[in-house]
Each structure stands twice: as C-alpha cells, then as structure tokens.
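Trainee: One-letter residues, chain by chain:
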Amino acid sequence: MPLDTSTYALAHLRLDGRRWNELRRLHAQISTQAAADGSSYLEQGNTKVLCTVSGPQEQKGGRGGARDQGNEAKVDVEMNIAAFSGMDRKRRARSDKRVQEMQVTIASAFQSTLFTHLFPHSTITVTLHILSQDGSLLAACLNAATLALIDAGIPMSDYISSVTVASAPSSDQSLDEMDPLLDLNGLEEQELPFMTVGTCGRGPGGGEEKVMVLVMETKVQMARLEAMLSVGIDGCKQVRGILDGVVRSHGKRVLESKVS
Amino acid sequence: MPSEVTPSTNNHDFILTALRQNLRLDSRPLDTYRPIDLTFSSDPDTYGQTDVRIGKTRVLCNISCEVGAPYPDRKFDGVFTISCELGPMGSPAWEVGRQDQTEIILSRILEKTVRRSGALDTESLCIVAGQKCFHLRADIHILDHDGNVLDAACFALMAALLHFRRPDVSIEGEEVTVYSVREREPVKLTMTHHPFCITTSFYPSRQGSDDDLISVLDTTLQEEQCRTGSLTISLNRHGEVCNIAKYGGVGIEGLSVLTCVNASLEKAKMFDRLLKERLAEDEKARQAKIGAMGLELSAENERVMERPVG
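For the protein sequence lines, the chains are A and B, in the order given.
For the first sequence, UniProt numbering begins at 1 and goes up steadily by one.
For the second sequence, UniProt numbering begins at 1 and goes up steadily by one.
Next comes chain A alone, as it looks inside the complex:
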C-alpha cells in the first residue's frame, strides 16, 4: 500500500496532520501495577505498552548458579506482543527473531545504563506487554522500560529516551533533498527508510547526549544519515523532557499523599 506523500509536498503536513519535527501524543503513567516492583504504562500515539519490572532479586531456577555473573546484576527482558495488537490478528511466537532482537537490544541498553554493580548475584526482569502497535515499537518499549525501572527505584545514570526518524522526499521539490521526519506511525514506517535512536542524557552539565541504541534496517543513502541522526537526537531530548515530567508529577503526588 503506497503512502500518499503528495499532501506532504503541498502542505508540509504528514498523514496524521503533524509537521516533520512533531512528536505524537506521548502519555505515560507510573506505578500502574501494584504487585510489581516497578511498572509503567506508555502510549506513543497508538502504540501502547505496559511494562513491569521485578527485581533486583536472586536468580531463580536450579541452573542459575552456573550463569551467575558474579559482581553485576543481569538484566532480563521478556516481550509479549498481544495477538490483537496489530492490524491483523496474529500470534507472534516467542522464538520470533525480530522479537528476540528487540529483547537483546533493550537488555543490553539497560545493562550499561543501570548501576548493575550495586546488585551482585541478582537479576532484574523487565516484562513488556505490547497492547497496540502503530510504529516506533522499539522506541516505545525503551521509554516504557525507563519509566518502570525508575519506579522500581533502580539507580541509573540517566533516562534512556528513544524515538524513530525517517527520511522522506523533501517538501520543497526544487531541492533534491530529503526531509527527516520524527516519530513515525505504522503507515509511515512501512513506506520510508527509518531508524530508531535511543540516547542517554548525561545529567545536568554532563555534556552531550550519547547514542546508546541505534537500529536501522532499511536501505538509505549515507549522506542522509547526518540529518536523520541529528533530528533523532533532538527528538530524544524532547522525549526525555516528557518522561521527566511524568516522573516528577508522580513524585509530587506521592509526597502530597504522604503529608496528608
């Protein structure tokens, strides 16, 4: 199904009426599941993700001892894509390579951001339930996991915030250039070359954001990468601001309820 990009060229508006550098509505909640150590619910447009964290806890199972990494906690990620989440009802097997790749990505991104050395001989399990998919799945999962890990009170160097960026034919047709587009929805993701950027801020005064996760699986000219990357890093900054707002307002509410 070809994407109707003609309107974009005319009015500089995308399919859902956004400009090139606008995010979709990002709504998030923290502490949604009472039973989990940490949990979050995140909506990025129509992509909806529920995340729970359990741990740090002792490794389960008999063979855990041999795999014990010793002086660092291990991050485990389980992903559950609901059958009803996509356009057509399809049950994704757990052994799907695409899902496994995302699990590995999320696990290793947090392995290096969390202060795992504080919890030797233990595991932190992050469980992600995808309730609805409409593009930017990996990005939404990373954002949801960040919030849930903060809710669980696991120390980390900074938020990992993530967005997708695409490269689309320019609105100005006289120029033979490409416009970067921020935060794709499902339709745009099928049509345009895109990548997922995840950055980690460096705290106040810590300097530039660092790219933690970078995943691209579509063919794109080298020259276009620079624009995509810089718009992506900028988008991550915006997402970080929103996530930070969610955490702060939750903290405020908790404090107020303690006082009264």
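In short, the hints are calculated from the structure, not lab data.
Just to be clear, a hint being listed does not mean it is correct.
Quick list of in silico lysine-lysine cross-link-like pairs, DSSO-like style, CA-CA up to 27 Å [said to hold, decoys possible]:
1) A/Lys-48 - A/Lys-252
2) B/Lys-56 - B/Lys-276
3) A/Lys-48 - A/Lys-97
4) B/Lys-75 - A/Lys-90
5) A/Lys-237 - A/Lys-252
6) B/Lys-75 - A/Lys-97
These numbers were taken from a predicted model, which means no experiment stands behind them.
Following the hints, complete the assembly by docking chain B onto the known chain A.
Mentor: Showing chain B alone in chain A's frame:
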C-alpha cells in the same frame, strides 16, 4: 552449561593499556583487518561454497537450491532462507540447539543486510508464478571463532551468493524441465548490490570515563571480550547503508557514528575489490579445467552490442 573463558584482569588491563598506545597484540594498526582469505570449492561442478578466513576466524558458507512452491502471499518471489549454525566446533561456549545471543544477532544482521536490503533479487527465482520457484538456502557454519564473526560471515555469504549458479530451467506450457549442470550451463543469481558488514568496537581511552573512545576494527576474540561497545554497519560500495546495529553498550556521540560510517565505506570498498578479484581468478581456473569444452558450453556469445537506431 559451558561458558566462554573470559580474559583475566591482567590480560584485560594489558590489552586496554596497549590499545591506548595504539598497539595491538598482533601488531596491526587499529583500523586494519587481519589477512582475509577466501577460497571456493575446487570441484568445478560445485558452486556457492565458500570458506572465509579472517585471521584465525573461519566461516564456511554453502548455498543449495531446490524447486518448491512459493509462499501463497508472495506468488512472484522465490524463497531465500539464511541459517546460521554455531556449534561447539567454533567455540566451546556454543552448544547445538541452544540459542544464544550471538546467534540471534548474527542471523538478524545477515537477514537485514542481505535479505531485507534486497541484495538478492528473489523475483528471478520464480519459475511459474504461484506454483513453482527455487528455494534458496544459505547455511553458514562458524568453524573457528576468533572474533569478528559477523564481518566474516557476511563476507562468506556474499561471496557464496555471487559464486553460486542455479540449474537452468525451461518451461513449455505447464511442463517445467530442470537441467542438471552437465546438460546446460547453470545460471548466475541476479544480485542488485553487494553489501558488507563492518563492525567497529569501542574501548574507553581513560579509566572510568566514557568521554573519549578508541575505535578498533576487526577485533580478535580477546579484544572482543574487553570491549565496552560495538557498532555494526552494513553498506555497499556506493555508500548505501542497509543496516546499522548498535545494541546497547557504551554510549557514543552522534558525530562518531558518522565517522564510523565513513571509515566503514572504505572497508566495504576493500571487501568488494577483494571479492571481485577472487571471483575472476576462480572463473579463470574453472575455465582452464574445463578447457576447450568451456567455450562451447558457455551461453554467452562474443557479439558486439550495437547501439539501437534512434
């Protein structure tokens, strides 16, 4: 469950300190590959079998094909699957049947580099739309693991695909005839472009600080175990990037991603040149073996293409 032997703290520190002084255990510069060796099967009837060695890393790739039915939702496409085998022969840490992280990443990156980027034109594998097509299967075996398995596997796969010939077919009405190698000269696969994987590894240039990173190409196993992060880029010699994969690890600056891409382009060109050279050599050797018969069997004729009028 066996696990990899990790380098001792002394070894780890030694490798890091050496890298900070631009030194490596095998006295290579940081951005140079170990000697790359590519051999094809010596049997003139066997196509698409490659053996790649980068230093002590050794990867075998074999391509096979059979006639089967296409997927019902992709009637005009042939089927192409890549399967990676990481057995105990390569490394004691790998077991048959147990999926580990290296395997997932390896097969996903190869899939993205070669299949999703459309390097192989699967439509050319179609025989009768919706009924018959070629099932192409690439089996990759890691025989020896001494670091940088990804680049080696991707190179082996590309070499095998370019070397492989599928049997010729002819269609008369509903009847499909598949000719053996002896009956008719087999046909090359249609490749649209030739992507290669290049992995860059990162090391901290100062203790406890992630600000400046040393980037190193083609790491050995020991170096790989000491790295704090890596970035895999797949691209062809025209600078079309098919895949970027950075799964976690240490954070890098946006600018250094772009420098990595530029450096990788040089290496992709190097891979491309090497592969072309070796393919031409192999072609020559095969022709010599077949001798005079080769000229008669060849389907190409030495006709000068005239420009169409108008």
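Trainee: For each hint, tell me whether it holds in the structure or not.
Mentor: Now the hints, each set against the structure:
Proximity of A/Lys-48 to A/Lys-252 is assessed by CA-CA distance (about 25 Å); at most 27 Å being required, the pair is judged to hold. Taking the CA atoms of B/Lys-56 and B/Lys-276, the gap is about 23 Å. The hint holds against a cut of 27 Å. Proposed proximity of A/Lys-48 and A/Lys-97 is supported: the alpha carbons are some 21 Å apart, at most 27 Å. Of the supplied pair hints, the one linking B/Lys-75 and A/Lys-90 holds, its CA atoms being roughly 21 Å apart against a limit of 27 Å.
At roughly 22 Å between alpha-carbon atoms, A/Lys-237 and A/Lys-252 fall within 27 Å of each other, so this suggested pair holds. Among the hinted pairs, B/Lys-75 with A/Lys-97 is consistent with the structure: their alpha-carbon atoms are about 24 Å apart, no more than 27 Å.
Hint compliance for this structure: every hint is met.
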